[in-house]
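Trainee: Given next are the chains, with one letter for each unit.
There are 6 protein chains.
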Amino acid sequence: MSMKPIEYADASPEVRAVYDDIKRTRAVPDVNNFWKHLAHDPAGLKRTWESIKQVMAPGALDPLMKELIYLAISVTNGCGYCIASHGAAARKAGMSEAMFGELMGVVGMANETNRLANGYREPIDEAFE
Amino acid sequence: MSMKPIEYADASPEVRAVYDDIKRTRAVPDVNNFWKHLAHDPAGLKRTWESIKQVMAPGALDPLMKELIYLAISVTNGCGYCIASHGAAARKAGMSEAMFGELMGVVGMANETNRLANGYREPIDEAFE
Amino acid sequence: MSMKPIEYADASPEVRAVYDDIKRTRAVPDVNNFWKHLAHDPAGLKRTWESIKQVMAPGALDPLMKELIYLAISVTNGCGYCIASHGAAARKAGMSEAMFGELMGVVGMANETNRLANGYREPIDEAFE
Amino acid sequence: MSMKPIEYADASPEVRAVYDDIKRTRAVPDVNNFWKHLAHDPAGLKRTWESIKQVMAPGALDPLMKELIYLAISVTNGCGYCIASHGAAARKAGMSEAMFGELMGVVGMANETNRLANGYREPIDEAFE
Amino acid sequence: MSMKPIEYADASPEVRAVYDDIKRTRAVPDVNNFWKHLAHDPAGLKRTWESIKQVMAPGALDPLMKELIYLAISVTNGCGYCIASHGAAARKAGMSEAMFGELMGVVGMANETNRLANGYREPIDEAFE
Amino acid sequence: MSMKPIEYADASPEVRAVYDDIKRTRAVPDVNNFWKHLAHDPAGLKRTWESIKQVMAPGALDPLMKELIYLAISVTNGCGYCIASHGAAARKAGMSEAMFGELMGVVGMANETNRLANGYREPIDEAFE
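Residue numbers (the working numbering), protein chains in the order written: chain A, 513 to 641; chain B, 513 to 641; chain C, 513 to 641; chain D, 513 to 641; chain E, 513 to 641; chain F, 513 to 641.
Just chain A, same shape as in the assembly (with noise of 0.2 Å):
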């Protein structure tokens, strides 16, 4: 069963309010399905947004950074939901199509090398620990 997504006319107050927090903070004019689905469990909802409100903010690493590891991650992971979502938010927080290539070479590689040092079972060099 698929669930609808729950749109802002449809929601509760609780629900219009962690909307109205993403609009405001993301400066769009409505929040994307990701949302409007987890809508319904208001609570997940909630501790969801608050917590990637706090984690993707600016801070040591800035968003265009943020936003390239969350691709990076949800390529790793093929999740293609959040592929399509974190490269339109990549996008738009900077990243180039050289910036993209550049990133799917590590995140190939990275799963490359994952693999060959477990397979070879790598033990960790002194100098690392």
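Careful: at least some of the hints might be erroneous.
Identical chains share a label here; the pair holds if one copy fits it or two copies do between them.
[Said to hold, decoys possible] Only pairs whose alpha carbons sit at most 30 Å apart, straight line, appear in this in silico DSSO-like list of lysine-lysine:
1) 558 with 516
2) 604 with 535
3) 535 with 558
4) 604 with 558
Because the hints were derived from the structure by calculation, they are not lab data.
Position chains B, C, D, E and F relative to chain A; hints supplied.
Mentor: Relative to the frame of chain A, chains B, C, D, E and F by itself:
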């Protein structure tokens, strides 16, 4: 059976040439275990190193950004050796403890929301296509 | 090449015997696509069904608990077919929307903290050994 | 570089407040290593704990059910620390050895059939949409 | 944003040279979508193709064996595109339906027992070190 | 809590029967740790062994090919125990060091290109359907 690392003194000229290039490129006195085990397959050693050298070179993304992405993927995949080695490499490239904390925050939330998107069977928004 | 599902009318006696047992055990009028494709390997069909039947039977864990665990793993692995089919099975076994929301909360946090534990290279507490 | 755990005696007031809440909520004399390492990022520590506390509280699913799901995911992801810590937590919450055996049976079959569904490229049955 | 495939007619000389080598090596009239998208990053296209060409060439393992391994990994990772393309490549290299059925049996059991070994926290036997 | 392995001398007749069949089938003097821990769930032990015996028997794929596939998946999933045990099994079945090196090359490239296909959101070519 654990393979033994191949030390420089015992390496073939083909393997030594790769070791020399790693040491020169990275300005390190010796190569780490990853390469010493991979050296059992000289063609794979050479190919992997040349790919890594190309992918990790400065470009549209700087070396620190690339190391942060590498570390994020290694953590996502749970590769113990890679977390240790790329954690060290990221620190050497300039990752502060504050950056590491924020990186882990993004890694955690991306792995969480990747599953939420899957579980709620989110359809991709038209705006992301 | 996508394989065609093998319908009951076209199935061998060996395959029909498995289909009959699935229909009887689950009280359903037809088997779902999973089995109709797996039927291209009759030995695998029989083995997989008998394993599933044994594993999902009521025991120390009741059928709802087992379906919830099955769904949580399918979401973690991002298997679209399995999320749809085991979501339906879990609902049939009694999963309410509130349970689904809480399940997704646990799935999300487990996938997050699994990576935090890896990334921070947590040593196992003596009390857990 | 392995980080050192931050013990209560060395913790900032902000970190101590989280430790105190964990100890009170779980009725344990000390927090486990997971939290002592995460404490290097006090904002992440507080956010993660509050999320875990909300998600693992009794609700439509009881605490044992939630711990079983947590354990099943940790096993699927191969997180050694999490398997040890959530195995202990599940036992404390009432998981018997028979339950553990059945849990592992479901985990194994779900990981198997997730791949069979992918490999046979199963189309989702209309009844599951 | 979905990228558009880069067709031969629109490709740069650098990209055309890779396309030509793929077509010649594989004796196919056109390259498949994988390469046409990767062509947005010409350096990555060239590096990936040369690595694939080296790795998939006949050696101690024959091409069919290599395609079977490639397919098994693609199924394990749940990569839809790769399951389709390497399923086709394996059939072209000689995979019969009986081989595919047995391959899927091994893939399923390996994914199952990988989790049983993790969940039971199996210590490695001395004989395997 | 780590479980203790169940040795033959301490095993129930039901468990001993499985151990005897493993020893006879594989011509080994004792079973390895995997089975000695799984023996805590005698029904799971019997089911898993019978499935493995069926799946790994010679058929359209020979035992060496099956062991290579098993090892490739174990490396992809990062299961330390399984990499050690199936590495040993593959060597016993005839895997040379050259084969292992080539296997790792394929494993690495498959894990890399699986992510490239996801990240570039590759549409499946008509020829592969």
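Trainee: Work down the list of hints and note, for each, if the structure agrees.
Mentor: Okay, the hints, checked on the actual structure:
no.	hint	verdict
1	558 with 516	within (19 Å within a copy, 33 Å between copies)
2	604 with 535	within (15 Å within a copy, 37 Å between copies)
3	535 with 558	both (14 Å within a copy, 25 Å between copies)
4	604 with 558	both (24 Å within a copy, 28 Å between copies)
Consistency with the previously given hints is maintained throughout, with no hint failing.
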